[in-house]
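A.B. asks: On the provided structure of chain A, position chain B as indicated by the hints.
Chains as they are written, first to last, in the working numbering: chain A, 1 to 114; chain B, 1001 to 1114.
Just so you know, not all the hints are guaranteed correct.
Said to hold, decoys possible - Derived PhoX-like pairs (lysine-lysine); straight-line CA-CA distance at most 25 Å:
#1 B:Lys-1071 / B:Lys-1037
#2 B:Lys-1037 / A:Lys-107
#3 B:Lys-1049 / A:Lys-107
Said to hold, decoys possible - Covered stretches of chain A (in silico footprint by chain B; criterion: 3 or more residues with CB under 8 Å from a CB of chain B, positions within the stretch not fixed):
#4 30–40
#5 45–56
#6 59–65
Everything labelled a hint here was simulated from the structure, so no lab data went into it. Don't be surprised by glycine CBs; every beta carbon is placed ideally from N, CA and C.
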Amino acid sequence: EAAVTQSPRNKVTVTGGNVTLSCRQTNSHNYMYWYRQDTGHGLRLIHYSYGAGNLQIGDVPDGYKATRTTQEDFFLLLELASPSQTSLYFCASSVDRGRNTEVFFGKGTRLTVV
Amino acid sequence: GEQVEQRPPHLSVREGDSAVIICTYTDPNSYYFFWYKQEPGAGLQLLMKVFSSTEINEGQGFTVLLNKKDKQLSLNLTAAHPGDSAVYFCAVRVITGNTGKLIFGLGTTLQVQP
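With the rest of the complex left out, here is chain A:
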């Protein structure tokens, strides 16, 4: 069964804090993505990767780092968290297979920076 697992599901941190969001997929997909979802902005792409060790910059990368350690694991790092990074974060994985192209999402991580 397709799976994208995010952890933690909820996180509260203080301004200036260090946060790591984790994502693991067991779909054998090559692509993985991190999005943030905010009211009025939809889902915005932060970073993505097409394989272990690869990193591509998304549309809203400022203040975020990411690392793809393995095919399965993609991490989002906030090294100096700010209140503007309070958001709902989604991880996704995908593979391009023509009509069998797949995209799966995790259940989201709600991050609050106080």
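C.D. replies: Below, chain B alone, put in the same frame as chain A:
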């Protein structure tokens, strides 16, 4: 970069009415197209994916039309019911060279009144 315009941002219909959501994209390297439904507090549920240059796909209570010539994707709920109330997102997979991004529209909040 790629822009995906989704309209309307809000839509209110009565039970049994039809509801149409339209997305327009710009990048000619757009190959795969998706519609997602997000209920309050939940993740993203895939409704339909389409690929062909001109394609009509029918799901349970809805129809998706892709028109690559006009770079337009639409979702038509044929007889809406209160359970359809949710936020709907279109997403476009853009592939350039050996990398690809998944870009979302801003979403449409659909309210179906009994």
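A.B. asks: Give a verdict on every hint.
C.D. replies: Verification of the hints:
no.	hint	verdict
1	B:Lys-1071 / B:Lys-1037	holds, 21 Å
2	B:Lys-1037 / A:Lys-107	holds, 13 Å
3	B:Lys-1049 / A:Lys-107	holds, 20 Å
4	30–40	holds (count 4)
5	45–56	holds (count 4)
6	59–65	violated (count 1)
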